[in-house]
Amino acid sequence: MTTLSTTLAKRLEDPRLFRQYAYVDGKWTHGEGGREEAVYDPATNEAIGHIPLLEAEQITAAVDAAEAAFTHWRALRADERCERLLAWYDLIQANREDLATIMTLEQGKPLPDARGEVQYGASFVRWFAEEGKRTYGETIPSHIPNASLGTLKEPVGIAAMITPWNFPLAMITRKAAAALAAGCPVIVKPANETPFSALALAELAERAGIPAGIFNVVLGDPAEVSKILCSEPRIRALSFTGSTRVGRLLIEQSANTVKRLSLELGGNAPFIVGPDMDPKQAAYAAIDAKFQTAGQDCLAANRILVHESIHDEFVEHFKERMLALTVGNGLQSEIDLGPLIHRQAVEKAAAIVDDAISKGATVSGGDQSQAPGENYFMPVMLTGVTPKMKVWREENFAPVAGITAYSTDDEVIEMANDTEYGLAAYIYTHDIRRIWKLMRALEYGMVSVNSVKMTGPPVPFGGVKQSGLGREGGATGIDEYLETKYYCLGALGSVSGS
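Numbered according to our numbering, the sequence shown spans residues 2 to 499.
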């Protein structure tokens with residue numbers, strides 16, 4: 002472990018940001034059972050570090066620490082919590098290059114994308130630092146004589162967060178900053194593939210003056226840790242970003258403790274191109290929507306639906322731009338796509354392509370003999386995709402673009418809604434009537450018109466149907482960690498002056 006630590010630390014301006022221990026109650030903690038797991042750079046398959054796999058008693062100890070720290074943290078004034086969070090924000094910004102380097106090494110995304118995620122993640126800390134000062138209650142006109150009625154907002158309690166490997170920093174800050182601002186201590190369980198971004202955040206949280214027990218990072222077997230967090234009655238809220246399959250399991254495991262759940266689950270985003278659009282402009286936008294993070298993004302365009310009148314020209318522009326994308330190690334310059342997270346992801350992508358070809362799709366690109374390593378998948382375009390294909394039904398989480406033609410607005414609405422998912426959708430058209438019709442008819446929590454970029458701190462991020470529960474970000478994001486308490490003050494006497 003020491004050799005690996007030294008090797009990676011040499012890449013960092015501040016080597017102390019690279020931690021290989023869990024963080025519980027303000028202390029760096031090893032696994033009492035001696036179990037550990039290697040973490041690999043997906044670009045090279047070389048181990049870059051190890052993490053301990055905590056025992057059940059150590060997870061419970063994190064809950065104990067959070068419970069003990071809760072009373073003090075919730076009692077702080079909102080502006081005092083704001084100051085700590087803004088100090089955390091400043092430290093994240095000051096260390097963004099090291100944080101981006103850590104992220105690229107453990108996740109694989111190109112360094113410019115990692116820098117962008119650090120900036121994006123930090124922005125949620127600043128947003129919720131200020132939102133914590135605006136958790137207003139209400140005064141209710143009384144229907145009871147001589148009484149005053151109203152509501153207060155109070156922190157729900159300990160909040161657990163299970164976060165994914167595709168955005169290993171931003172998915173933590175988007176959740177944790179909201180909970181911390183509300184007055185809740187947090188226990189973060191990052192993905193085992195990408196733990197070091199979470200641990201660097203813990204180091205910076207400590208430097209920012211966030212007290213021991215308020216920000217904890219636990220590591221271990223995902224199934225074991227998740228079950229403990231779900232069944233622990235003192236944990237009152239649980240937030241998860243990941244697959245719908247795992248989300249369903251967490252709902253089941255949390256049922257006995259009736260937790261507040263915030264779930265951002267799978268996506269199967271349609272990208273709809275109207276007949277009035279410039280085919281080249283739309284194709285380039287679709288490239289951006291599909292291939293960011295090598296397609297490993299819940300917002301990635303999964304089904305590209307193009308009006309038949311411009312379909313062929315769109316496909317030519319899409320293919321030309323796709324074949325120009327550069328694939329390689331994210332630490333290298335001018336790389337568009339890094340590796341997939343591991344070999345299993347590559348095998349899944351290949352199976353999706355093979356399934357589509359066997360059912361009649363036409364393939365372009367995807368010459369896997371040109372892949373720079375075993376975890377890379379060269380981008381693929383599939384045309385003539387149909388609902389019978391996996392590329393239509395599944396969130397492929399890979400640089401595999403499925404394209405098909407449609408003829409009418411009603412047809413494309415039916416096609417777009419033909420999925421159990423409902424996270425995000427894209428519409429490209431300048432026809433305001435078409436925009437309004439599609440936007441209202443699409444069964445998605447977020448709809449972006451003529452823009453690939455749709456998320457950020459002011460936005461209520463979340464989906465409908467089987468894409469999740471609740472919202473993150475925006476004015477309502479902090480409500481996931483607040484309870485509304487109603488009060489009735491009776492027998493106050495008359496205010497009539499008589």
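Mixed in with the good hints there might be a few duds.
[Said to hold, decoys possible] Listed below are the simulated PhoX-like cross-link pairs for lysine-lysine, each with C-alpha atoms no more than 20 angstroms apart in a straight line:
hint, residue 1, residue 2
1, K389, K360
2, K486, K134
3, K228, K281
4, K391, K360
5, K391, K349
6, K154, K134
7, K154, K486
8, K454, K486
These are computed hints drawn from the structure, not numbers from a lab. None of these values were measured; they are calculated from a predicted model.
Checklist entry - What hints, given by number in increasing order, does this structure fail? => result Violated: hints 3 and 8.
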